[in-house]
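Construct the entire structure; sequences and hints are all you get.
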Amino acid sequence: MRHGFRFDCSRVNLSLLETTKGELSEPWAGPLVVYCRNGLSMDSNKVDRNITLSDFRSFLDICKVYGAGSGSMLKGNMLFELEITNANLFWSVIHRNSGGTAAKGVEVSCKGDMTVLGLRKYRDTNVAVNHPIWDAIRPHGGLRNDWGSSSSSQNLPRCSFRWKRPWPRCGMPDSGYTGRYGTGKMFGRVLVVREDMKDIKPKQIEAIVNFFSQDASPKINKEKNERLSKLSGEEARIEQNKMMAELVSRSKFERFFEKFKIEKIKGGYTSWAGETVPEATDGDSDDDSWTRVARQLDNGGWL
Numbered sequence: 001m002r003h004g005f006r007f008d009c010s011r012v013n014l015s016l017l018e019t020t021k022g023e024l025s026e027p028w029a030g031p032l033v034v035y036c037r038n039g040l041s042m043d044s045n046k047v048d049r050n051i052t053l054s055d056f057r058s059f060l061d062i063c064k065v066y067g068a069g070s071g072s073m074l075k076g077n078m079l080f081e082l083e084i085t086n087a088n089l090f091w092s093v094i095h096r097n098s099g100g101t102a103a104k105g106v107e108v109s110c111k112g113d114m115t116v117l118g119l120r121k122y123r124d125t126n127v128a129v130n131h132p133i134w135d136a137i138r139p140h141g142g143l144r145n146d147w148g149s150s151s152s153s154q155n156l157p158r159c160s161f162r163w164k165r166p167w168p169r170c171g172m173p174d175s176g177y178t179g180r181y182g183t184g185k186m187f188g189r190v191l192v193v194r195e196d197m198k199d200i201k202p203k204q205i206e207a208i209v210n211f212f213s214q215d216a217s218p219k220i221n222k223e224k225n226e227r228l229s230k231l232s233g234e235e236a237r238i239e240q241n242k243m244m245a246e247l248v249s250r251s252k253f254e255r256f257f258e259k260f261k262i263e264k265i266k267g268g269y270t271s272w273a274g275e276t277v278p279e280a281t282d283g284d285s286d287d288d289s290w291t292r293v294a295r296q297l298d299n300g301g302w303l
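Going by my numbering, the sequence shown opens with residue 1, and the numbers climb by one from there.
Mixed in with the good hints, there may be bad ones.
[To be verified] Only pairs whose alpha carbons sit at most 27 angstroms apart, straight line, appear in this in silico DSS-like list of lysine-lysine:
| no. | residue 1 | residue 2 |
| --- | --- | --- |
| 1 | Lys111 | Lys261 |
| 2 | Lys264 | Lys111 |
| 3 | Lys201 | Lys261 |
| 4 | Lys201 | Lys242 |
| 5 | Lys252 | Lys104 |
| 6 | Lys242 | Lys252 |
| 7 | Lys104 | Lys264 |
| 8 | Lys242 | Lys230 |
| 9 | Lys252 | Lys219 |
| 10 | Lys261 | Lys104 |
| 11 | Lys264 | Lys198 |
| 12 | Lys201 | Lys104 |
| 13 | Lys121 | Lys198 |
| 14 | Lys121 | Lys261 |
| 15 | Lys219 | Lys261 |
| 16 | Lys201 | Lys111 |
| 17 | Lys121 | Lys219 |
| 18 | Lys222 | Lys259 |
| 19 | Lys259 | Lys201 |
| 20 | Lys201 | Lys252 |
| 21 | Lys222 | Lys104 |
| 22 | Lys121 | Lys266 |
| 23 | Lys198 | Lys259 |
| 24 | Lys264 | Lys219 |
| 25 | Lys121 | Lys201 |
| 26 | Lys198 | Lys242 |
| 27 | Lys121 | Lys259 |
| 28 | Lys224 | Lys252 |
| 29 | Lys111 | Lys121 |
| 30 | Lys121 | Lys104 |
| 31 | Lys266 | Lys252 |
| 32 | Lys224 | Lys242 |
| 33 | Lys219 | Lys198 |
| 34 | Lys222 | Lys242 |
| 35 | Lys104 | Lys198 |
| 36 | Lys219 | Lys259 |
| 37 | Lys230 | Lys219 |
| 38 | Lys264 | Lys252 |
| 39 | Lys252 | Lys198 |
| 40 | Lys121 | Lys252 |
Simulated from the structure, these hints should not be mistaken for lab results.
Written out as structure tokens, the structure is:
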């Protein structure tokens with residue numbers, strides 16, 4: 001669509017084909033690949049015919065912001081009418097995306113990122129204040145709900161999540177792309193931010209992921225089979241809340257974090273020496289927050 005990014009086209013775009021180094025057959029399993037109507041062009045002189053990542057982000061912003069409610073333009077096929085009545089709208093959104101401050105988030109790489117692009121599993125990233133993750137529809141809702149994906153990918157879990165005071169409402173990307181304990185689920189790239197827009201670090205996410213995969217998940221799986229299998233309704237809900245409060249809490253994570261950090265340092269990763277647990281925020285108690293996170297992961301089938 002455009003060869004440059006920013007309102008003045010001062011930065012050259014990479015197409016999706018270039019970004020993936022042509023390896024579109026790899027199991028990216030999450031990010032949606034979109035082509036322009038006339039298809040990809042292998043001619044370097046026609047790179048502007050490829051849809052770029054920034055183009056797609058701006059397009060999503062238009063669909064999310066304009067119309068009678070969130071996502072209404074996607075559902076109502078109103079884009080053609082909008083283009084006629086407000087031809088400069090797309091460029092205004094591009095201009096809006098070019099500025100503003102950013103929060104520090106973390107991207108958890110999928111298999112394609114690691115095997116083809118050689119990216120680290122946990123990477124810090126700047127997340128613009130107008131990124132769709134900040135106003136996503138039901139960001140803390142069901143992890144398997146339909147979010148406008150194509151029919152061929154609707155069976156994949158949602159892979160962009162938002163933290164709320166201050167713990168993650170997200171799945172367990174323990175290996176970057178495949179769930180453990182026989183789930184066999186494929187995960188795409190995961191973006192994690194704090195809802196209060198404070199910084200979160202890759203090592204903090206790595207520690208939380210390992211806390212759930214090594215400590216919390218095995219215990220939850222064992223306990224729920226023993227304590228919940230014969231219960232139902234309100235009785236099961238009460239017992240589940242009690243179980244989660246016993247097994248998952250900030251204090252338990254803090255103890256795990258210190259042990260995990262010591263193991264990392266002993267393994268030669270000296271950069272862990274100054275790492276700390278994520279900063280807490282005002283609001284709900286930390287233990288209550290942890291309990292809600294674990295319960296949601298369990299309800300979504302991630303644990």
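Which earlier hints turn out false for this structure, listed by number in ascending order?
4, 21, 26, 33
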